[in-house]
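If you want the building blocks of each chain, they are given just below.
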Amino acid sequence: MLSQQILNGLVTGSVYALFSLGFTLIFGVQKLLNFAHGATFMAGAFIAYYCTISGLPFLLAIGFSMVATGVIAILVDLIAFRSLRKRGNAEFPALVSSIGVDLILVSIAQQVSKTQVLNFPFGTFPVKFYTFMGLRISLLQLVILATVAVLVALLIFYLKKTTFGRQVRAVATNERAAALLGVNAQSVYLQTFFIAGALAGLAGVLIGLLFNSMQFLMGEPYMLRAFVVVVIGGLGSVPGAIVASLMLGVMQSLTVAYLPSGLTDAIIFALLFVVLLIRPNGLFGDANAVAGGTRQ
Amino acid sequence: MIQFYYAYQPIIDFFLLSVGFGYSQQIALRAGVFSIATAGFAAIGAYTVAILVTKSGFPIAASVVLGMVIAGVGGLLLSLPLARLRGAFQAIATLAFVQIVISLLLYAEDFTGGALGVTGIPRVMNTGILLVIVAVVMYVMWSIGRTGLGRIFDALRQEESVAASLGVNIGRYHALAFILSGAVGGLFGGLQSLYVFQIEPHNFGFAFMVNVLTVVILGGRTTLLGPIMGAAIMAILPELARPLAEYRPAVNGVILILVITFLPNGVGDEIVFWFRRRRHAAAAANRAQAKEAKDAVTSS
Amino acid sequence: MKFLKLSMSATAFAAAMAASTSAMAEEYKMVILQSLTGGAAFIGKNVADGAAMAADELNANGFFGEGNSLVYEVADDATDRTQTLSLITRLAADEDVLIVMGPTSGSVALAGANVANEREFPVITTTNSMEVIENGPWSFILTQPADVTIPYIADFTAQTLGAKNCAIIGVKDNEAYVALQRKYEDLIQAQGVNLASVDGVALADSDFSALATKIATSEQDCVFIGTPAAQGANLVIQLRQAGLDPSIPILGHNAFASPTFIEKGGAAVENVYLMGAWVPGGYDDFSSAFSTNFEAKTGIPADEWHAVGYSGMQVIANAIKDAVAAGAVTREGVRDALGTQTDIPVVMGEGTYSYDEHRVPHFGMKVLQVKDGAFAVVGE
Chain Z
12 MLSQQILNGL
22 VTGSVYALFS
32 LGFTLIFGVQ
42 KLLNFAHGAT
52 FMAGAFIAYY
62 CTISGLPFLL
72 AIGFSMVATG
82 VIAILVDLIA
92 FRSLRKRGNA
102 EFPALVSSIG
112 VDLILVSIAQ
122 QVSKTQVLNF
132 PFGTFPVKFY
142 TFMGLRISLL
152 QLVILATVAV
162 LVALLIFYLK
172 KTTFGRQVRA
182 VATNERAAAL
192 LGVNAQSVYL
202 QTFFIAGALA
212 GLAGVLIGLL
222 FNSMQFLMGE
232 PYMLRAFVVV
242 VIGGLGSVPG
252 AIVASLMLGV
262 MQSLTVAYLP
272 SGLTDAIIFA
282 LLFVVLLIRP
292 NGLFGDANAV
302 AGGTRQ
Chain V
16 MIQFYYAYQP
26 IIDFFLLSVG
36 FGYSQQIALR
46 AGVFSIATAG
56 FAAIGAYTVA
66 ILVTKSGFPI
76 AASVVLGMVI
86 AGVGGLLLSL
96 PLARLRGAFQ
106 AIATLAFVQI
116 VISLLLYAED
126 FTGGALGVTG
136 IPRVMNTGIL
146 LVIVAVVMYV
156 MWSIGRTGLG
166 RIFDALRQEE
176 SVAASLGVNI
186 GRYHALAFIL
196 SGAVGGLFGG
206 LQSLYVFQIE
216 PHNFGFAFMV
226 NVLTVVILGG
236 RTTLLGPIMG
246 AAIMAILPEL
256 ARPLAEYRPA
266 VNGVILILVI
276 TFLPNGVGDE
286 IVFWFRRRRH
296 AAAAANRAQA
306 KEAKDAVTSS
Chain L
23 MKFLKLSMSA
33 TAFAAAMAAS
43 TSAMAEEYKM
53 VILQSLTGGA
63 AFIGKNVADG
73 AAMAADELNA
83 NGFFGEGNSL
93 VYEVADDATD
103 RTQTLSLITR
113 LAADEDVLIV
123 MGPTSGSVAL
133 AGANVANERE
143 FPVITTTNSM
153 EVIENGPWSF
163 ILTQPADVTI
173 PYIADFTAQT
183 LGAKNCAIIG
193 VKDNEAYVAL
203 QRKYEDLIQA
213 QGVNLASVDG
223 VALADSDFSA
233 LATKIATSEQ
243 DCVFIGTPAA
253 QGANLVIQLR
263 QAGLDPSIPI
273 LGHNAFASPT
283 FIEKGGAAVE
293 NVYLMGAWVP
303 GGYDDFSSAF
313 STNFEAKTGI
323 PADEWHAVGY
333 SGMQVIANAI
343 KDAVAAGAVT
353 REGVRDALGT
363 QTDIPVVMGE
373 GTYSYDEHRV
383 PHFGMKVLQV
393 KDGAFAVVGE
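Chains as they are written, first to last, in this note's numbering: chain Z, 12 to 307; chain V, 16 to 315; chain L, 23 to 402.
Simulated from the structure, these hints should not be mistaken for lab results.
Among the clues, some could well be false.
What the hints assert, rightly or not - Below 25 angstroms or equal to it, Euclidean Cα-Cα: the simulated DSS-like pairs (lysine-lysine) are:
id: 1; chain 1: Z; residue 1: Lys125; chain 2: L; residue 2: Lys319
id: 2; chain 1: L; residue 1: Lys205; chain 2: L; residue 2: Lys186
id: 3; chain 1: Z; residue 1: Lys139; chain 2: L; residue 2: Lys393
id: 4; chain 1: L; residue 1: Lys393; chain 2: V; residue 2: Lys70
Excised from the complex, chain Z in its bound form (with noise of 0.2 angstroms):
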């Protein structure tokens, strides 16, 4: 059972992986907290349902679903954040409009789906089990492992070798120092709104199928995880994120399973706080990412 439960452990891990990238992305680059991102990865499953239910094939779907939530992450920031931050000291300000936003997709999505639990139609996704040295994983685990994986390397590929990637770390960095060298800033924040909107919207697309279940609140636990992995991870370090998530998603399958029932958000948020205690920039934390995260 053990090895099992670090498997189921693995797969949801994976999973938050892909929806905390996006998070801690645009944390590193702008240093605001985009409390909206939950409601995007909502949106993501809600769109990728609607769009499978009218008869678009499933795979069609969700690339649709990734563009719209994509967009929708940059419409989060020319709403939300650009204003503010020409204003500058916009670290509150942001948190409260970006809960706006949150609140706004939410009630959206409350209303079309008339507060029902959605699932995709069965048969959306073969259903098919291996059994592996006594692990049962299904076709879609394998599926997610494969696709998570894939994504990650190519994101990792693109921040490091790219010269967007350049782009965006130069304006992680010194915004202005960036400018300064022809670097032009709104053009990196659109595209990483983008990305990390279109990895949300598939989280969400991909936790829909995986727990067969989609409702408009669905963001906000998963929210609340991706805070407990940013700090773990370190805030804006991406390979802290991929790391942290994977440990949340093996401990939240131990807790369960060992331990009395209703205790693992207790032990996941402490173990948040212990963190933020011993070692602000998070266990895996860069300096240099989380510049001025703590007071020096």
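Since the structure of chain Z is provided, determine the placement of chains V and L on it from the hints.
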């Protein structure tokens, strides 16, 4: 008027309670702490009162005071780890604090009633008592504003490094802000318990946090008038926007975005600032006039 | 019984017609105050829809006599106690409103009951919590408390299935579900059934992979799931996917008696036992007609909460009518009439609705099983 009061009394009472929670949230923001812990403090105060009153027959007034003290101590304890953090990290840590409080309330069933919460709390609060307590809290807030403490808080909020270079012990004042925020939050949490008959953990969840935050953002983060204006608008809005009832969260969201973008100081603060500016302008005009008169005299 | 009541009302209607054709058209005002949004919306919205449909039908059929009608308004408290309290207080100040159908459940219902008793204003909350009744003579409950319902499924578990060792999965953050689950645990334990494990999930959870694996790899001869329908269906799917032995019976309570359960659960929920006051699709003329009409009108199949709303409005309408007959069209008159309603034809349970001497509602329950993608009454 009596009829009006009779029909709208709960709105008035809840307005007073949200003013209280608003001050708890405001004092933290005023000192430059990005705390959203008020929900957690309110839960501590509310449960302290509810459990003591229903299970031990502890005197009601004493249990309210105790709830306030425990929440204040909670604020102090919370400020210790938070002293090393700032900005977004403080927001995340206080959010985690609220989550821990809620999940413990759900978990410790024998003590807190779990999801069932605590019921049968005597309903002893009324508009009069609430009014008096809000007035006292306002007086305390006003006193703080008048003394050096208020100026230090303002300095911390506006430019922490300047405050530090002037020799202000930041950690100590942040701790003080947390204690006050905790005590006020706990106090009104306890009062709310004595008003609503029954409490349960998710009374203090995300929705509570958003409401308190909205009150302060909408009203203003520095003046006494802020939470009053914020709470008043939030109390009246659902009455005006009944047709929009189904989209209420969205209306809240739009308000948050519009206010923080176009009226960043909040309605209440803007009003106070306007009066201050007018007074200053008038004073300056007076001075100019006096000077002119004096010049006229000396030149003659 | 049902026909007797209906024909009696038809006679009364004819008599009234004959007596006073020139009488002024009377309007009886009430408010359906439910949580149309917020956490309890999945109950409140459906109850309100069912109730509104019932009221429209009653008016169209001239239930209150020629020209007379039940005038209702639908109000939303957004599952927010603040709004419940202010709405009920305000409605209480409007002398014309005879009764409020609502508020929905949980703390909202209790808070509403409290203020209703303070203002001497009859409310009939959707909840099944005895505390609402105990709160005072003006507050009623619409659904049967756990004491009335849970024995149906608990006895079935212990006696019919002969289970000895049950795993329990409940909702930890909704008091109504917690109360049902506790009651079930107590009742089966009293009959010698051991609790293999007790786990709680949150209403917003959907990731049950760890829990499902834990239960699938443990020893038990029955699994009880006390969650809402959609979540329950999902739990069953994940339990099956985790490899739970298909011969172990899975049971749920009345929340599963919703088309949603079968729709979301598909083949996985086949053979699951549950109990229901509402049999989807209906089981006699009245309930089948309701089911057909409701789906025709709204486009979604009626579930238990729609049926509760529809049935509740029948009870309220009869109470108002009795109050009219007694010449006491006042809040007090309606309250007194409501508490004495018995054998009102409804679309759930055993088909009739009665308040007992303690104002506890009784309308019965049926143990059902999912068979070939539909609910079938067990033992029929």
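These are the hints, each one checked on the structure:
no.: 1; hint: Z/Lys125 with L/Lys319; in the structure: 16 angstroms, holds
no.: 2; hint: L/Lys205 with L/Lys186; in the structure: 17 angstroms, holds
no.: 3; hint: Z/Lys139 with L/Lys393; in the structure: 24 angstroms, holds
no.: 4; hint: L/Lys393 with V/Lys70; in the structure: 48 angstroms, violated
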